[in-house]
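Chains as they are written, first to last, in this note's numbering: chain R, 6 to 125; chain C, 15 to 631.
Accuracy of the hints is not assured; some may be wrong.
Residues from chain R that keep clear of chain C, each with C-beta distances beyond 10 Å, as calculated [what the hints assert, rightly or not]:
hint, residue
1, 7
2, 9
3, 16
4, 19
5, 21
6, 22
7, 25
8, 26
9, 28
10, 31
11, 33
12, 35
13, 50
14, 61
15, 73
16, 82
Label-pair restraints from in silico Cβ distances [said to hold, decoys possible]:
hint, chain 1, residue 1, chain 2, residue 2, range
17, C, 280, R, 117, 46 to 56 Å
18, C, 257, R, 117, 41 to 51 Å
19, R, 117, C, 301, 34 to 44 Å
20, C, 547, R, 29, 36 to 46 Å
21, R, 115, C, 541, 42 to 52 Å
22, C, 296, R, 117, 36 to 46 Å
23, C, 388, R, 79, 21 to 31 Å
24, R, 79, C, 90, 53 to 63 Å
25, R, 50, C, 535, 25 to 35 Å
26, C, 540, R, 46, 25 to 35 Å
27, C, 262, R, 46, 45 to 55 Å
28, R, 115, C, 192, 19 to 29 Å
29, C, 541, R, 77, 25 to 35 Å
By construction, these hints were calculated from the structure, which means they are not laboratory data. Just so you know, these numbers come straight off a predicted model, no measurement behind them. Quick reminder that beta carbons are idealized off the backbone N, C-alpha and C, glycines included.
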Amino acid sequence: MNQTVLVCDDAIFMRTMISDILSQAGFEVVGEAESGVQAVEKYRALKPDLVTMDIVMPDMGGIEAVREICKSHPDAKILMCSAMGQQALVVEAIQAGAKDFVVKPFQPSRVLEAVQRVLA
Amino acid sequence: MDLSKYAALFLTESREHLNACNRSLLEWERAPAAVEPVDRLFRAIHTIKGMAATMGYAGVAQLAHGAENLLDALRHGRVPAGPGVFQLLFRAVDTLGAAVETAAAGSEQDIDAALIAELDGAAVTPMGEGEPASPAAPEPRLRRATDAPRARPIQVIITRSAVMRGARAALVLRRAEALGAVSGVQPPLAQLERDEFDGKLFFRLQTRHSDDQIAAALRTVGDVDSLVFEEAASEGVGRGRQIRVDLRRLDALMKHVGELVVAKNRLTALSADAGDATLAELSGQIGRLVSAMQGDVLASRMTPVGEVFERFPRLARDLSRELGKRIRFDMEGEEIELDRSVLDEIGDPLLHLIRNAADHGIEPPDQRLAAGKPAEGRILLSAARERNTVALRVTDDGRGIDRGRILEKARKEGVATPDVESLTDDLLVRVLARPGFSTAQAVSGVSGRGVGVDVVMTRVRALGGTLEVRTELGRGSTFLIRVPLTLAIVRALLAESGGERYAVPLAYVAETVEFDRRAVTSVRDREALVVRDQVIPTVHLRDLVSGGAAVGAPRQPTVILEVGERRTALVVDALLGQQDIVVEPFDAPRGLPPFVGGATILADGRPALILDAAALL
Numbered sequence: 006m007n008q009t010v011l012v013c014d015d016a017i018f019m020r021t022m023i024s025d026i027l028s029q030a031g032f033e034v035v036g037e038a039e040s041g042v043q044a045v046e047k048y049r050a051l052k053p054d055l056v057t058m059d060i061v062m063p064d065m066g067g068i069e070a071v072r073e074i075c076k077s078h079p080d081a082k083i084l085m086c087s088a089m090g091q092q093a094l095v096v097e098a099i100q101a102g103a104k105d106f107v108v109k110p111f112q113p114s115r116v117l118e119a120v121q122r123v124l125a
Numbered sequence: 015m016d017l018s019k020y021a022a023l024f025l026t027e028s029r030e031h032l033n034a035c036n037r038s039l040l041e042w043e044r045a046p047a048a049v050e051p052v053d054r055l056f057r058a059i060h061t062i063k064g065m066a067a068t069m070g071y072a073g074v075a076q077l078a079h080g081a082e083n084l085l086d087a088l089r090h091g092r093v094p095a096g097p098g099v100f101q102l103l104f105r106a107v108d109t110l111g112a113a114v115e116t117a118a119a120g121s122e123q124d125i126d127a128a129l130i131a132e133l134d135g136a137a138v139t140p141m142g143e144g145e146p147a148s149p150a151a152p153e154p155r156l157r158r159a160t161d162a163p164r165a166r167p168i169q170v171i172i173t174r175s176a177v178m179r180g181a182r183a184a185l186v187l188r189r190a191e192a193l194g195a196v197s198g199v200q201p202p203l204a205q206l207e208r209d210e211f212d213g214k215l216f217f218r219l220q221t222r223h224s225d226d227q228i229a230a231a232l233r234t235v236g237d238v239d240s241l242v243f244e245e246a247a248s249e250g251v252g253r254g255r256q257i258r259v260d261l262r263r264l265d266a267l268m269k270h271v272g273e274l275v276v277a278k279n280r281l282t283a284l285s286a287d288a289g290d291a292t293l294a295e296l297s298g299q300i301g302r303l304v305s306a307m308q309g310d311v312l313a314s315r316m317t318p319v320g321e322v323f324e325r326f327p328r329l330a331r332d333l334s335r336e337l338g339k340r341i342r343f344d345m346e347g348e349e350i351e352l353d354r355s356v357l358d359e360i361g362d363p364l365l366h367l368i369r370n371a372a373d374h375g376i377e378p379p380d381q382r383l384a385a386g387k388p389a390e391g392r393i394l395l396s397a398a399r400e401r402n403t404v405a406l407r408v409t410d411d412g413r414g415i416d417r418g419r420i421l422e423k424a425r426k427e428g429v430a431t432p433d434v435e436s437l438t439d440d441l442l443v444r445v446l447a448r449p450g451f452s453t454a455q456a457v458s459g460v461s462g463r464g465v466g467v468d469v470v471m472t473r474v475r476a477l478g479g480t481l482e483v484r485t486e487l488g489r490g491s492t493f494l495i496r497v498p499l500t501l502a503i504v505r506a507l508l509a510e511s512g513g514e515r516y517a518v519p520l521a522y523v524a525e526t527v528e529f530d531r532r533a534v535t536s537v538r539d540r541e542a543l544v545v546r547d548q549v550i551p552t553v554h555l556r557d558l559v560s561g562g563a564a565v566g567a568p569r570q571p572t573v574i575l576e577v578g579e580r581r582t583a584l585v586v587d588a589l590l591g592q593q594d595i596v597v598e599p600f601d602a603p604r605g606l607p608p609f610v611g612g613a614t615i616l617a618d619g620r621p622a623l624i625l626d627a628a629a630l631l
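Hey, can you work out the whole structure from these sequences and the hints?
Dropping the structure here:
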């Protein structure tokens with residue numbers, strides 16, 4: 006069975022791109038979320054093997070969402086998607102429980118490397 | 015030669031050496047056979063003696079000489095070490111500390127001849143060892159959380175080409191934490207968040223895993239260039255060369271940078287209006303430089319909380335003797351950094367809380383045994399970085415707070431209305447923090463009258479921080495102080511209400527929503543807003559400032575304030591965006607409402623009031 010992914014980003018463009026990269030690599034994108042609140046709800050409902058999480062989103066940002074998810078599921082495999090210059094936020098996300106990060110603009114190879122590490 | 019200008023330096027350095035003395039003494043007391051603590055103690059006292067003699071502080075020098083004499087005798091085994099000797103040395107270090115302070119203040123007092131005679135005597139004749147100085151007091155055991163098994167030094171270099179090397183290093187640390195206890199992180203975490211991190215990370219890891227297992231686990235993080243189990247070179251990893259700077263200079267620099275930030279904000283606003291490309295570019299450049307400078311100044315003021323923590327093991331030791339209790343005192347997160355100005359203010363509140371924990375929290379050994387607990391109580395002082403704040407926790411495994419009794423007392427004093435049936439943690443802390451509130455049946459000498467939570471609350475609030483409590487009867491209590499990283503410059507959300515502008519520190523803003531009359535409900539006669547199934551009580555800023563209820567538009571911007579787990583919805587007229595604000599020192603005028611925490615100058619040069627989030631909850 007394919008491994009399942011929840012893609013969280015407020016931009017449809019980014020969600021589409023990440024979904025494409027991951028589905029071409031054989032993952033099954035089982036859900037998308039466009040806010041932190043949705044990310045938490047969908048995580049609980051879908052229990053995906055992997056989550057990609059944008060940092061800046063409306064209605065609870067990605068870091069809060071990581072914190073919320075890890076509160077009940079400390080082993081959640083969450084990969085942060087960050088823009089350049091957000092190092093402080095990435096560090097915060099890691100402390101909140103995120104397992105790895107990729108930096109935009111995305112290179113598919115980089116994203117998949119990070120995914121491998123997270124799922125290893 | 016005029017020596018007075020060296021007095022400040024003498025004082026700072028002596029204090030450091032005296033702190034080192036206390037540390038070494040504690041260590042030595044735990045392991046009387048150890049050689050290293052004695053040597054360190056001897057060197058520290060010797061240095062103080064030399065400095066005092068140079069300064070012409072004869073009394074200090076003589077006292078130090080007495081202590082040095084005794085230490086020399088101990089070092090060479092001429093007299094044995096034991097409880098009596100330790101007690102005497104602790105006293106000597108305390109007296110020396112006081113003497114150093116008065117001497118540096120320019121009023122050297124008469125030396126304590128009796129103490130010197132006692133030191134001299136002990137250096138010749140062994141004290142009645144085997145007999146503790148205060149026989150009734152059980153020997154406290156003190157240990158740092160980072161003791162055995164041995165903490166292994168680890169140096170990691172992150173690949174040069176990696177993006178966000180600091181974040182990668184943070185992942186390495188996270189992975190290491192899963193293996194064991196991490197300490198001594200260099201550079202500190204706050205530096206990893208900035209881009210100047212050079213890729214070299216050092217830390218200690220206390221774990222039962224083998225070197226190979228550790229290396230394999232840490233390498234899975236990715237982008238690890240090299241990993242060795244070696245000490246950081248003293249001038250190498252993460253620490254450059256250092257100089258001592260008078261704190262007042264840094265304060266002045268901070269103040270100037272603060273004003274520069276305000277001027278920069280004005281310039282940015284003006285150049286946006288002017289529509290001149292060259293001006294806009296220049297203003298952008300100045301903006302970036304000022305931001306960088308602001309970061310540098312703030313970074314130079316960041317100090318590890320360990321500097322304030324280091325006096326507490328000694329305090330805990332003394333308390334346990336005084337109270338006849340057995341207390342193990344541990345510390346965690348000493349490397350977490352705080353702005354100097356915040357750090358200077360946080361010592362006393364922590365001291366209060368540790369005293370409370372030892373005095374009111376931890377039970378005497380017989381009571382503990384009767385309750386099925388180990389005879390030795392535990393107090394843990396910890397620091398952790400959480401968002402833009404630092405959380406300081408004092409946790410004890412003692413008797414906890416009896417909510418029933420507090421509630422009874424609160425009803426009697428009219429703090430709680432009769433319909434309040436139980437005390438939430440939230441209400442509890444507010445009751446405890448009432449001036450003079452006390453339920454201590456016997457007023458003990460240690461924490462004095464009352465529990466002093468009001469003092470802690472006042473100090474913490476003055477710093478823009480918050481105080482929370484968690485307690486469970488029979489299991490213990492945790493007091494949590496949350497303070498902002500820095501006092502000087504904070505990022506704030508600007509809001510308008512009734513034609514006035516207000517700044518709300520972002521550290522306490524959870525989110526902004528729209529106040530919609532249709533989503534309003536009421537909870538215990540209070541208006542509340544339903545946000546995603548959560549009911550949040552509302553406060554209309556207009557009502558607070560004008561005193562009368564004003565009818566606002568049907569939809570108004572609303573700021574959700576969050577302090578700890580408490581939330582409130584602050585309804586305003588308009589939101590004006592975010593800005594770095596410089597918090598001006600502020601003596602609150604009489605009659606000022608409690609929710610005003612300070613004042614600032616905004617980008618257009620006009621003043622605005624800073625709202626105190628905790629006071630609005």
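Hint check results:
| no. | hint | in the structure |
| --- | --- | --- |
| 1 | 7 | 23 Å, holds |
| 2 | 9 | 22 Å, holds |
| 3 | 16 | 19 Å, holds |
| 4 | 19 | 17 Å, holds |
| 5 | 21 | 23 Å, holds |
| 6 | 22 | 18 Å, holds |
| 7 | 25 | 22 Å, holds |
| 8 | 26 | 17 Å, holds |
| 9 | 28 | 23 Å, holds |
| 10 | 31 | 21 Å, holds |
| 11 | 33 | 24 Å, holds |
| 12 | 35 | 23 Å, holds |
| 13 | 50 | 16 Å, holds |
| 14 | 61 | 12 Å, holds |
| 15 | 73 | 12 Å, holds |
| 16 | 82 | 13 Å, holds |
| 17 | C/280 with R/117: 46 to 56 Å | 48 Å, holds |
| 18 | C/257 with R/117: 41 to 51 Å | 48 Å, holds |
| 19 | R/117 with C/301: 34 to 44 Å | 38 Å, holds |
| 20 | C/547 with R/29: 36 to 46 Å | 38 Å, holds |
| 21 | R/115 with C/541: 42 to 52 Å | 50 Å, holds |
| 22 | C/296 with R/117: 36 to 46 Å | 44 Å, holds |
| 23 | C/388 with R/79: 21 to 31 Å | 28 Å, holds |
| 24 | R/79 with C/90: 53 to 63 Å | 54 Å, holds |
| 25 | R/50 with C/535: 25 to 35 Å | 27 Å, holds |
| 26 | C/540 with R/46: 25 to 35 Å | 28 Å, holds |
| 27 | C/262 with R/46: 45 to 55 Å | 53 Å, holds |
| 28 | R/115 with C/192: 19 to 29 Å | 24 Å, holds |
| 29 | C/541 with R/77: 25 to 35 Å | 32 Å, holds |
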